[in-house]
Each structure stands twice: as C-alpha cells, then as structure tokens.
Amino acid sequence: MSDLSNNKPETGAFFQRDRAWHAPALTPGYKTSVLRSPQKALLSLDGTISEITGPVFGHSILGDLDNDLIHNFAKDGESAIGERIIVHGRVLDERGKPVSGALLEFWQANAGGRYRHKKESYLAALDPNFGGCGRTITGEDGSYRFRTIRPGAYPWPNGVNDWRPAHIHFSIFGHGFAQRLITQMYFEGDPMIWKCPIVTTIPDRRAIEQLIAPLDWANTIPMDARAYKFDIVLRGRRSTLFENRMEGN
Amino acid sequence: MVQDLGYLKESPSQTAGPYVHIGCTPNFAGITGVYETDLGTTMVNDRTLGERITVRGRVIDGAGVPLKDALVEIWQADAAGFYNSPSDLRGTADPNFTGWGRCPTGADDGIFTFETIKPGRAPYKDGRKMAPHITVWIVARGINIGLHTRMYFADEAEANAEDPLLARIEHRHRVATLVAPREGSVYTFDIHLQGDKETVFLDI
Chain A
1 MSDLSNNKPE TGAFFQRDRA WHAPALTPGY KTSVLRSPQK ALLSLDGTIS EITGPVFGHS
61 ILGDLDNDLI HNFAKDGESA IGERIIVHGR VLDERGKPVS GALLEFWQAN AGGRYRHKKE
121 SYLAALDPNF GGCGRTITGE DGSYRFRTIR PGAYPWPNGV NDWRPAHIHF SIFGHGFAQR
181 LITQMYFEGD PMIWKCPIVT TIPDRRAIEQ LIAPLDWANT IPMDARAYKF DIVLRGRRST
241 LFENRMEGN
Chain B
1001 MVQDLGYLKE SPSQTAGPYV HIGCTPNFAG ITGVYETDLG TTMVNDRTLG ERITVRGRVI
1061 DGAGVPLKDA LVEIWQADAA GFYNSPSDLR GTADPNFTGW GRCPTGADDG IFTFETIKPG
1121 RAPYKDGRKM APHITVWIVA RGINIGLHTR MYFADEAEAN AEDPLLARIE HRHRVATLVA
1181 PREGSVYTFD IHLQGDKETV FLDI
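For the record, the sequence lines run as chains A and B. 1 is the number of the first residue of the first sequence in the numbering used here; add one for each residue after it. 1001 is the number of the first residue of the second sequence in the numbering used here; add one for each residue after it.
With the rest of the complex left out, here is chain A:
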C-alpha cells in the first residue's frame, strides 16, 4: 500500500510470544475476564505467510491534526482543556530494530477522566473541545510523537472502589499480523498504577514498568508542554537464512 523503506522486507516468522510476560486470559480480579477468557490450550502455530504478512498504511491516510488531540476535535481557535503534553518514543522489535511505517492509534479520557462514548456514565464533565482519538505512523527510525492533554483518572465498576490510573490506550500495527498489539501507557509517579486490577493482570512487575512512561525533561517544550517518552516493543522475527523452505514459498 505504500513504499516505506528501501530495506528489503523481512519474511521470517516471529519469535515465540512469551506468554508469561503477558497477562493470562483468566484474571478474576478483573471480573469481566471471567466469562471472556478461553479455557482450552491455544493451538501453537509457527507463523505462515498468513501471519508474517500484515496490512501497511501509507502516510496519505493521515490528516494534519491526527496527531494533535488538543485540536483535532476542537472548534476553530479553541483547544482541549488540560495539562498539555507531548508523547513520543520509538517502536522497536525485540531485536531492537526500529519498526518503520507502523500505524499507531491512541485513545484516552479527557482531563477530568471522562470518555466521549455513549456507554460512559462517569459524572465528570465532557470537554466540548476534546474527542479523545488520534493516530500517527512511525518514521524510518521507528519514531513517533503526538500532542494531547494528560488524561484524568476515573472510577470504574469492578470492585466497589476501583479506579483506573491515568492512561492512554495504544493500538499498534507492525509489519506482520502476528505483531498486532493493543496496550496502555501509564505515567511516571502515579501511585494508582499499582492498585489497578487491570494493570496487575500482568504478573511481572518489570513488565508493568515497561508500560510506564517517564517524564522526559529534555524534550519538554519550555512554556508549552511537558514530554513523556514511551517506547513500544513488538515481536521480533527470525532471519530466514538457513530456513528450510520449498522453492517458490
């Protein structure tokens, strides 16, 4: 769908996913998972052409304000309310290689912790100038950035008094459909991270820390916006050298 790179596309299968690093399907502390978690063993499949390929999105799909949540839903001359922040980082794979041309989509609550969604019932106010969605595509070096406001924390019906820490949702496309990932970014220093039943579905503390973006003072824009740096790692892929493949495959 687009020419992203002069590099020859890679065709190796992806590294086996480390399922112990991710949350298991059944996590009773997050109640909705109880009836939505598969109970049988997954059938393992070393990637075929169907999984090592994936859709690619060209920069032509992007509008000028797609990476600016402060303005992409706001009336002309107005802007969303909240603490102005820049979120930036790189998309890498497990080998540390930059993933170029990766489509990132993000969504979040407004500064008061309210989502613009018909199923949302939190009493915090909507911001008429904030929609809550944005997207961008990584450059050759895997880098991305967008501007938004820091989302608020909000309560949700799970335990009697459960709250989500401030977070931004990310959906990421790499180069193969097997790399498809949805995750969430949290903010350095937020004590609510460790109380959240969704965060703590992830069993390993180091894995949780991988989702916490540090304040990036160096990239903070004076008199304008603080920066947070959030690197995302997608699955790596094997080299195809020495793989035993039939001709024409």
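Just so you know, the hints here were simulated from the structure itself, not pulled from any lab data. Note that beta-carbon positions come from the ideal geometry of N, C-alpha and C, so glycine has one too. Take the hints with a grain of salt, since some may be wrong.
[What the hints assert, rightly or not] In the SDA-like style, the derived pairs of lysine to any residue whose C-alpha atoms are separated by at most 25 angstroms in a straight line are:
1. A:Lys75 x A:Ala225
2. A:Lys97 x A:Gln210
3. B:Lys1068 x A:Trp163
4. A:Lys8 x B:Tyr1007
[To be verified] So the derived label-pair ranges between C-beta atoms look like this:
5. B:Asp1126 x A:Gly96: 29 to 37 angstroms
6. A:Ile61 x B:Leu1089: 22 to 30 angstroms
7. B:Glu1051 x A:Gly189: 51 to 59 angstroms
[Said to hold, decoys possible] Residues of chain A placed beyond 10 angstroms of chain B at every Cβ, according to the derived structure:
8. Gly77
9. Gly82
10. Ile86
11. Ala125
12. Glu140
13. Thr220
14. Met223
Put chain B on the given structure of chain A with help from the hints.
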C-alpha cells in the same frame, strides 16, 4: 558469564477496554469530523477480483451472550492467494483488495459483518497448500491479550481435509469451530470464547 543476547521484551498487552471504538472506529462511536472514515470498513471496490462474499458472526461469552463491545479484525489473501503486504515476496497482490478489515460488533445485536472476497490458497511453510482461510483477531473489554484464530470455508471440504493447521487439531470435533457454514453468499462465523463450543484459538 556469556554475552548478553540483548533482546528486548515485547510490550505487554493490556485489554482494549470498553472504549476501543473511540480509538479504532471513532465515527462508529459518534466522534465525527476527526477522520473521514473508519479504517477497515471497506476491503473491496468494483474492480476487486474474486467471488464476493459476506462474513458475519458474533463473539459469544461463557454465558452464551454475544459481546456488544468487541472489535474484530480480519486479514486474508486475495483471490489468487497473495497478501497485500510488502512481506509477501511471491507475487503482486490485487491492488484493488486491501486484505484487511475491521468491524465492531453491533451495539444492539453483537453482529460483525465483512464484505469481502473468498481468498485463494496460500502455501504452508513446507510448500503444501493451506485451505482458503481468513485470519481473525478479536479484542474487547475483559480480553487481556488479543485472540487469534482462523476461519475456514465449509464448502471447501476437500481443501480443508488436507489443510496442515486443521490436521493438527487433536480433538477432531473442535475442527468445526473454525469452519464457517455457507448460505447463499454469506458465511457465518460465530466465535465462542468458552464452553463446549470454544473456538480453537491460536498461539502464533
């Protein structure tokens, strides 16, 4: 001590949550004016090669209730078996077919629908042909990591019988969970998250 392999760890998945539509299908969620259209709503145009089909189904929880807040994505080969991806070096895919679709399950009925074409056969790693299939990925509130599965076609019995993945399903009655029955041009693929009819999900 030995050298450090230096590999990074994959970012851990987190649930897409109840508001995934805001980010992935904002127009569907009523957030208009930001993106012209929602990505993945159209896979074909008038020049797309291949037999036009509709794929329709539901994602059903362990209590038998269809999810009304799930998001389903599909990825498939074109009519000749090629993928519209730079990583498919075997040939050029139909430029009029994206191969990728995205659909939220309906807020009222929990149904997802894709207007697409029947894919051709693509090779397994050893060169054997796989039966025509569609790769399916499901996310929703309560699903901690996206679920991968495949949909096969009931009217491809011969190809299905020699498909290398279907052949690896130990409990043979479960093969049927991946095979969508056909009625007219519509294939119905209900995905069961749990229970006796639990769909075979893949660790790919």
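The hints, checked one at a time:
A C-alpha spacing of about 21 angstroms is found between A:Lys75 and A:Ala225, which places the hinted pair at or below 25 angstroms, so the restraint holds. Distance restraint check for A:Lys97 and A:Gln210: the Cα-Cα separation of roughly 17 angstroms lies within the 25 angstroms cut-off, and the hinted pair is therefore satisfied. Restraint check: the Cα-Cα separation between B:Lys1068 and A:Trp163 comes to about 23 angstroms, which is no more than 25 angstroms; the hinted pair holds. Between the alpha carbons of A:Lys8 and B:Tyr1007 the distance comes to roughly 22 angstroms, so the proposed pair stays at or under 25 angstroms and holds.
For the pair B:Asp1126 and A:Gly96, the beta carbons lie near 31 angstroms from each other, so the given range of 29 to 37 angstroms is met. The beta-carbon spacing between A:Ile61 and B:Leu1089, approximately 24 angstroms, falls within the hinted interval of 22 to 30 angstroms. Between B:Glu1051 and A:Gly189 the beta carbons are some 56 angstroms apart, a value that agrees with the proposed interval 51 to 59 angstroms. Chain B leaves A:Gly77 outside its interface by the beta-carbon criterion, the shortest separation being 16 angstroms against a cut-off of 10 angstroms.
Even its closest Cβ contact with chain B, about 16 angstroms, leaves A:Gly82 beyond 10 angstroms, as expected for a residue assigned away from the interface. For A:Ile86, the condition that its CB be more than 10 angstroms from all CB atoms of chain B holds, with the nearest at approximately 18 angstroms. The non-interface label for A:Ala125 is consistent with chain B: the shortest C-beta to C-beta separation is roughly 17 angstroms, beyond 10 angstroms. Distance check for A:Glu140 against chain B: the nearest CB is about 14 angstroms away, which clears 10 angstroms, and the non-interface claim stands.
With a minimum CB-CB distance of about 24 angstroms to chain B, A:Thr220 clears the 10 angstroms threshold, and the non-interface call stands. No beta-carbon of chain B comes within 10 angstroms of the beta-carbon of A:Met223; the shortest separation is about 28 angstroms.
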